[in-house]
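Engineer: What follows is each chain in one-letter form.
There are 2 protein chains.
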Amino acid sequence: MITTFSNKDILYAASDYRKNLINSLTGFKSVSLIGSINSAGVTNLSPFSQIVHVGATPPLIGVLFRPNSVVRHTLENILDTGYFTINHFTTEYYIQAHHTSARWQGSEFEKCGFTPKYIDGIPAPFVAESPIQIGLELVERLDIKSNGTHFIVGEVKQILIDDKYISADGFIDLEKAGVVLSSGLDSYHTTNFLARLSYAKPDHTPKPI
Amino acid sequence: MITTFSNKDILYAASDYRKNLINSLTGFKSVSLIGSINSAGVTNLSPFSQIVHVGATPPLIGVLFRPNSVVRHTLENILDTGYFTINHFTTEYYIQAHHTSARWQGSEFEKCGFTPKYIDGIPAPFVAESPIQIGLELVERLDIKSNGTHFIVGEVKQILIDDKYISADGFIDLEKAGVVLSSGLDSYHTTNFLARLSYAKPDHTPKPI
Chain A
4 MITTFSNKDI LYAASDYRKN LINSLTGFKS VSLIGSINSA GVTNLSPFSQ IVHVGATPPL
64 IGVLFRPNSV VRHTLENILD TGYFTINHFT TEYYIQAHHT SARWQGSEFE KCGFTPKYID
124 GIPAPFVAES PIQIGLELVE RLDIKSNGTH FIVGEVKQIL IDDKYISADG FIDLEKAGVV
184 LSSGLDSYHT TNFLARLSYA KPDHTPKPI
Chain B
4 MITTFSNKDI LYAASDYRKN LINSLTGFKS VSLIGSINSA GVTNLSPFSQ IVHVGATPPL
64 IGVLFRPNSV VRHTLENILD TGYFTINHFT TEYYIQAHHT SARWQGSEFE KCGFTPKYID
124 GIPAPFVAES PIQIGLELVE RLDIKSNGTH FIVGEVKQIL IDDKYISADG FIDLEKAGVV
184 LSSGLDSYHT TNFLARLSYA KPDHTPKPI
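Listed in order, the protein sequences are those of chains A and B.
Throughout the first sequence, residue numbering follows our numbering, covering 4 to 212 in sequence.
Throughout the second sequence, residue numbering follows our numbering, covering 4 to 212 in sequence.
Keep in mind the hints are simulated off the structure, nothing from the lab.
Keep in mind the model is a prediction, meaning the values are calculated, not measured.
Keep in mind that the hints are not guaranteed to be accurate.
Copies of the same chain look alike in the list, so a pair counts if it works inside one copy or between any two.
[What the hints assert, rightly or not] Cut-off 35 Å, straight-line C-alpha distance, at most; resulting in silico cross-link-like pairs (DSBU-like, lysine-lysine):
(1) Lys22 <-> Lys11
(2) Lys160 <-> Lys114
(3) Lys167 <-> Lys114
(4) Lys148 <-> Lys22
(5) Lys160 <-> Lys148
Use the sequences and the hints to build the structure in full.
Structural biologist: And the structure:
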């Protein structure tokens with residue numbers, strides 16, 4: 004049976020119910036580990052699922068951060084050092100990846116069994132266990148007035164990826180790489196390929212390519 | 004073998020290769036149909052995959068739009084009327100949904116076989132064939148200087164969903180609803196559930212809930 008939630012129904016729902024409902028509402032999403040480091044050299048690793056493609060030329064990626072009212076190591080580190088990494092993970096590591104979201108004392112790399120890896124020119128740590136590793140430099144910060152969240156834009160400086168996952172046309176086969184995705188706050192999934200569809204034109208139905 | 008792309012490698016790559024690479028780089032993503040209407044009453048329907056959860060209290064969703072340098076009906080309609088809808092779709096409709104991205108003359112609802120549906124208080128059309136329909140009011144627009152894209156924030160005013168997809172704790176079971184996701188510019192996938200994991204704490208490994 005079709006249920007309707009009005010804006011008031013949502014606001015008057017129990018807090019946990021509302022969080023589960025609204026976090027799963029936008030659909031499936033990527034979930035990746037963001038690596039960062041503070042100026043004292045302490046590394047941080049945390050899962051994020053609000054990551055979007057902003058543009059290809061130049062290559063830009065956006066990440067949405069919760070309000071900076073409590074300690075947010077990842078955001079503070081990015082604003083402090085100007086760099087961060089985004090690292091996808093596979094089924095083999097998704098429980099450890101989820102565990103990085105706990106309130107650890109010290110670095111989540113060591114606590115959760117991930118290996119920091121460094122590349123010249125990017126101070127932030129990559130995750131050695133990740134099949135797709137991205138190094139980014141902070142280029143823009145936008146503050147969302149409606150609820151105090153922050154949209155951080157980074158420019159891609161380095162991509163590290165096994166070439167067997169890259170198609171001839173540049174498409175990265177995330178499914179072949181075993182990349183995990185998420186829904187809501189705590190649900191993890193793998194994928195089944197349906198098709199890549201041809202560029203859409205009015206005169207014919209899109210076909211698998 | 005591990006391949007490295009530097010920022011220069013990406014910028015010097017062929018345009019289509021770069022677009023495929025960077026669009027698939029951020030991982031799997033939701034893909035939904037955004038419904039809108041202009042002040043003359045002409046409806047528009049278009050697929051978007053840059054949609055993120057912004058907050059639960061109040062319930063806010065963000066959508067990233069390409070630069071407004073060519074005709075962008077969806078963005079213009081939202082800025083004009085202040086409302087839009089986000090509608091997930093299933094495997095049964097993913098080819099038609101992809102087809103809405105062609106340069107149609109007239110409404111994509113009629114051209115691609117979707118049924119517009121209206122609810123009091125929201126002028127934008129919902130997609131009757133969608134298992135999860137969301138009505139939103141525009142609350143904020145942020146302009147990203149780095150590349151001229153626009154981040155639009157909408158507040159959720161109505162959710163329409165079959166109650167069999169909603170768990171007791173508010174979590175929407177997108178997989179049970181058959182919701183399709185995307186990767187890159189043109190790849191579509193369904194999902195396999197791994198687990199929902201318990202809230203992460205330092206003293207024990209997360210468990211399936």
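Engineer: State for each hint whether it applies.
Structural biologist: A quick look at each hint next to the structure:
no. : hint              : verdict
1   : Lys22 <-> Lys11   : within (14 Å within a copy, 41 Å between copies)
2   : Lys160 <-> Lys114 : within (28 Å within a copy, 42 Å between copies)
3   : Lys167 <-> Lys114 : within (31 Å within a copy, 39 Å between copies)
4   : Lys148 <-> Lys22  : both (20 Å within a copy, 31 Å between copies)
5   : Lys160 <-> Lys148 : both (29 Å within a copy, 19 Å between copies)
The structure is consistent with each of the numbered hints, conforming to all of them.
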